[in-house]
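*Asks:* Sequences and hints are given; from them, build the entire structure.
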Amino acid sequence: MRPLTLTLRERLDDRLDLSPLVPHALAGKTIRQIERIELQTGHRPINLADVFRVRAGDIEQIRIQGGCDRLDYVGQEMNSGELIVEGNVGIQAGRLLSGGRLTVLGNTGPWAASGMKAGVFEIRGTAGDRLGGPLAGEIAGMRGGIVVVRGSVGKRAGDRMRRGTIIIEGQAGDYAGSRMIAGTLIVRGSAGPLAGFLLKRGTIVLGGSSELSPTFMDCGEYQLVAMRWLAAMVEPYSKAAAVLLRRSFARFAGDMAVLGKGEILVGSRN
Amino acid sequence: MLLTVRGVRIDDTFAEAFGMRATAVIITADTAQWARQAALSMTGFATSVIGCGCEAGIDRVLTGKQTQDGRPGVRVLLFAVSTAELQKQLQTRVAQCLLTSPGSACYAGIDGEETLRLGNALRYFGDGWQISKRFGAKHFWRIPVMDGEFVCEATTGLSKQAVGGGNLLILGRTTDTTRAAAEAAVAAIRKVPDVIAPFPGGVVRSGSKVGSKYKGVPASTNEVYCPTLRGAVHSALDPDTKSVLEIVVDGLTSTAVASAMRAGISAIVKLGPKRGATRISAGNYGGKLGPHHYHLRELLP
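Residue numbers (this note's numbering), protein chains in the order written: chain D, 1 to 270; chain C, 1 to 301.
These are computed hints drawn from the structure, not numbers from a lab.
Heads up, none of these hints are tricks.
Subject to a maximum C-alpha distance of 25 Å in a straight line, what follows is the list of computed BS3-like cross-link-like pairs (lysine-lysine):
1. C:Lys-138 to D:Lys-117
2. C:Lys-88 to C:Lys-160
3. C:Lys-288 to C:Lys-215
4. D:Lys-200 to D:Lys-117
5. C:Lys-288 to C:Lys-213
6. C:Lys-209 to C:Lys-288
7. C:Lys-65 to D:Lys-239
8. D:Lys-200 to C:Lys-138
9. C:Lys-88 to C:Lys-138
10. D:Lys-239 to C:Lys-138
11. C:Lys-288 to C:Lys-160
12. C:Lys-270 to C:Lys-191
13. C:Lys-270 to C:Lys-242
14. D:Lys-261 to D:Lys-200
15. C:Lys-138 to D:Lys-261
These figures come from a predicted structure and were not determined experimentally.
*Replies:* Written as structure tokens, this is what we have:
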């Protein structure tokens with residue numbers, strides 16, 4: 001069955017809250033009802049059909065054609081099915097995602113995968129700051145699921161992550177994995193200064209070097225069985241990450257400024 | 001009634017087997033030898049639930065492509081009479097034999113509707129330095145040890161469909177030919193997936209009956225199969241039988257046990273009565289104790 005397809009009519013003048021457009025929220029709705037879904041934008045609400053051309057299809061498979069960096073909250077709280085955006089999206093894409101598969105073929109704004117609980121979120125382009133991170137006042141960031149970013153990401157990727165896996169095939173900005181409570185952050189390229197700042201537990205794997213805080217302690221170079229196991233697990237999602245995980249790593253324990261049960265593994269050059 | 005295949009007589013009887021609880025773990029190490037060594041230690045003193053708590057053995061050897069961490073490994077099966085006993089045996093054996101073995105790692109070897117604790121029980125050895133790792137539904141523990149880390153999956157599966165006690169009695173004219181027949185049968189059984197032959201080299205020479213003339217002895221020698229007592233008891237042996245060996249088979253499913261017994265019979269028959277056994281029989285308790293009956297006539301090659 002072909003997917004439910006929404007084509008953006010034109011570039012948006014205002015930011016648009018796209019959170020109602022997730023498979024579980026569309027369940028049982030007719031095509032007419034879907035077209036009349038009220039979306040929040042600017043000062044006045046508008047209907048979905050005002051901004052998108054809708055082509056009927058399977059609601060468990062939604063395709064949004066023509067992205068825009070003003071499309072916010074795409075796939076928020078989605079818990080099943082598949083949602084593909086053929087372009088860029090705005091802030092908080094995949095926030096609180098708890099199942100299914102969300103794919104953005106373009107770039108995402110800040111707080112993508114914020115507080116994500118489960119499921120798979122693939123970003124083909126780049127991601128903004130605070131990938132997976134919590135909003136102001138929240139204790140934990142990402143707490144489950146898998147995020148794969150094919151490009152690079154901004155600052156504080158994986159901030160306050162509690163569980164789950166983030167794979168970044170490009171570079172990461174400053175403070176990657178800051179305040180992580182646990183979980184796994186893999187950066188194939190290098191990361192900006194102070195990766196793992198205030199890391200409590202969890203693993204940060206870096207393909208290239210980063211200027212680490214002096215509160216990370218050098219524990220020597222190893223080939224870890226656990227990373228080989230993880231390599232086999234991540235291979236279906238990212239071959240590049242699997243290659244990195246099979247290398248040997250310099251292990252830095254920290255952040256000793258806080259709990260110090262975490263680790264940063266810096267891949268060897270070979 | 002006696003059936004004869006290629007000169008080997010096969011009794012028209014059946015092996016009687018019991019339902020058991022079973023689990024499996026995959027052991028890997030830096031080399032195939034060390035994976036095997038760890039497995040041998042873990043499955044040592046695990047021939048019979050009567051005195052060892054569990055029956056265990058190596059089910060199959062795995063290449064790096066077949067294991068979770070890309071290193072060579074083996075799959076070990078463990079069988080016990082209750083879930084509690086199986087959990088206890090698994091925990092102590094993994095702790096004393098796998099955790100201790102150089103370079104070893106341990107993963108779930110079976111999916112089950114219920115699970116047994118593996119790393120979840122052993123993580124405390126890490127004394128606070130243990131690291132939990134999850135990926136999707138998979139969960140494992142990293143425990144720092146003197147040669148690096150012991151990686152151990154959190155849980156493994158439990159099977160309640162397992163069968164223990166499938167058996168073949170191998171009767172021959174000399175100890176050498178009978179042993180040769182048993183060895184051939186064990187070699188064939190080892191190739192069958194999901195089964196183990198838990199006794200030394202897969203073979204048991206002290207087949208037992210239930211009970212004893214002595215109080216408190218649960219099992220005693222099965223005198224009707226002892227050649228040296230042939231004249232003194234109501235013997236089950238032929239005049240020319242000088243030696244009897246038994247192969248016991250435990251399997252994850254009843255089908256696996258039947259396949260193993262069929263493979264064993266086929267190997268014995270192939271060897272023939274001159275170089276191997278003259279007769280094949282099976283042990284049972286009259287059919288009232290065990291729910292699984294394997295009739296030899298249905299397992300002929």
